[in-house]
Structure formats: structure tokens, C-alpha cells
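Asker: Sequence:
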Amino acid sequence: GVGGHSGLDAYTPQHLAMAVWAFAAVLYRPEELLVQIGEAVPGKLERLNSQDISMTAWAFTTLLAKERKVYDILATTAVRTLHDFNHQDLSNTIWAFASAGEYNAELLEAVAEETCKRGRDFDGQHLAMVAWAFITLKHRHDRL
Numbered sequence: 312g313v314g315g316h317s318g319l320d321a322y323t324p325q326h327l328a329m330a331v332w333a334f335a336a337v338l339y340r341p342e343e344l345l346v347q348i349g350e351a352v353p354g355k356l357e358r359l360n361s362q363d364i365s366m367t368a369w370a371f372t373t374l375l376a377k378e379r380k381v382y383d384i385l386a387t388t389a390v391r392t393l394h395d396f397n398h399q400d401l402s403n404t405i406w407a408f409a410s411a412g413e414y415n416a417e418l419l420e421a422v423a424e425e426t427c428k429r430g431r432d433f434d435g436q437h438l439a440m441v442a443w444a445f446i447t448l449k450h451r452h453d454r455l
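Using my numbering, the letters of the sequence shown correspond one by one to residues 312 to 455.
Keep in mind that the hints were calculated from the coordinates and are not lab data.
Since the structure is predicted, the reported quantities are computational estimates derived from the model, not experimental observations.
Every residue, glycine too, gets a C-beta built ideally from N, C-alpha and C.
Heads up, some of the hints might be wrong.
[Said to hold, decoys possible] Ranges of calculated distance between the beta carbons of each label pair, as one might list FRET restraints: (1) Gly-430 / Ala-321: 42 to 48 Å; (2) Asn-360 / Leu-338: 24 to 30 Å; (3) Asp-453 / Gly-318: 45 to 51 Å; (4) Ala-439 / Glu-343: 33 to 39 Å; (5) Asp-320 / Glu-420: 19 to 25 Å; (6) Tyr-414 / Asp-434: 24 to 30 Å; (7) Glu-342 / Ala-321: 20 to 26 Å; (8) Arg-431 / Tyr-339: 16 to 22 Å.
[To be verified] Cross-link-like lysine-lysine pairs, in silico, DSSO-like; alpha carbons within 27 Å at most: (9) Lys-377 / Lys-449; (10) Lys-449 / Lys-380; (11) Lys-449 / Lys-428.
Using the sequences provided together with the hints, build the complete structure.
Answerer: Set out below in C-alpha cells:
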């Protein structure tokens with residue numbers, strides 16, 4: 312589109328997260344649109360909430376979209392807001408990063424600290440997903 316990325320600038324971060332999630336849910340992979348989202352919305356991604364971060368990471372991983380900039384911004388935003396994540400959003404986010412092979416030491420350390428802080432409140436399935444991600448990304452955290 313003229314003056315923007317096909318009009319993507321008009322959409323909120325939540326709209327873009329839901330759109331990418333919907334594409335992934337039906338395994339529709341609009342390559343050009345995913346690239347445009349990766350280029351057009353870095354500033355928007357920083358305003359995503361924990362569920363949107365989890366959904367976007369899962370969607371980009373499910374669609375095998377290798378938009379490194381998107382993962383970097385999702386990681387930075389997640390680290391800043393990790394205390395707001397519920398167990399499912401936290402474990403899904405780190406699972407998505409590991410499944411995509413996206414290693415981000417700062418995110419891994421923040422997830423480890425948050426997981427340890429929550430202790431026994433963290434249920435088995437979510438803890439298993441976090442452990443799998445750490446093993447897959449070959450990241451060691453002694454307390455975890």
C-alpha cells in the first residue's frame with residue numbers, strides 16, 4: 312500500500328497478534344504478509360500483553376516464519392513483563408522459542424527465575440514444557 316506496509320500500520324498490536332494466530336490455527340502461511348508484519352510492526356510488538364506475546368510466538372513458530380526481529384522484540388517485551396504472564400503463557404512462549412530454535416539468554420534466565428519464584432504453583436505440564444525448552448536450547452540454569 313501507499314505510505315505503509317499494505318495498511319498494517321492501522322492495526323493494533325492485538326489485532327496483528329490475533330491475525331497471525333488465526334493463520335497458524337488453520338495452517339495458512341501467507342509468506343509475504345508474515346514478512347510485512349515482521350517489518351512493519353516492531354514498535355507495536357512492544358505493546359503486546361502476555362497472552363498476545365504467547366500467541367504471536369506460537370503462531371510464528373507454527374508457521375515456520377523466521378522473522379528474527381519479531382522474536383527479538385517478543386523476547387525483550389516478555390522479559391520486561393514476565394511477572395504478568397500466567398503459567399500457560401509463560402510455558403507456551405518459551406516452548407515456541409525453543410521449537411523455533413530461537414535462543415535468547417536473557418529470556419531464558421528470566422523464565423528460569425520466574426519459574427523458580429512460582430515454585431510449587433507451577434503445574435507439571437507447564438513445568439515440563441519449560442524444562443523441554445531449556446534442554447532443547449541447551450541452556451543450563453542450576454536452580455531450575
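Asker: Give a verdict on every hint.
Answerer: For each hint, the structure was consulted:
Checking the proposed 42 to 48 Å range against Gly-430 and Ala-321 shows it holds: the Cβ atoms sit about 43 Å from each other. For Asn-360 and Leu-338, the hinted distance range of 24 to 30 Å is satisfied, since their beta carbons lie about 25 Å from each other. At about 48 Å, the CB distance of Asp-453 to Gly-318 agrees with the hint of 45 to 51 Å. Checked against the hint of 33 to 39 Å, the C-beta distance between Ala-439 and Glu-343 comes to roughly 36 Å, which is consistent with it.
Roughly 34 Å separates the CB atoms of Asp-320 and Glu-420, a value that falls outside the hinted 19 to 25 Å. Look at Tyr-414 against Asp-434: about 26 Å separates their beta carbons, and that is inside 24 to 30 Å. For Glu-342 paired with Ala-321, a C-beta distance near 22 Å keeps the hint of 20 to 26 Å intact. Judged by the Cβ atoms, the range 16 to 22 Å given for Arg-431 and Tyr-339 is violated: they are separated by roughly 40 Å.
Annotation: proposed proximity of Lys-377 to Lys-449 holds, straight-line Cα distance about 20 Å (limit 27 Å). Using a Cα cut-off of 27 Å, the hinted pair Lys-449 and Lys-380 holds, with the two alpha carbons roughly 22 Å apart. This hinted pair checks out: Lys-449 and Lys-428 have alpha carbons roughly 21 Å apart, not beyond 27 Å.
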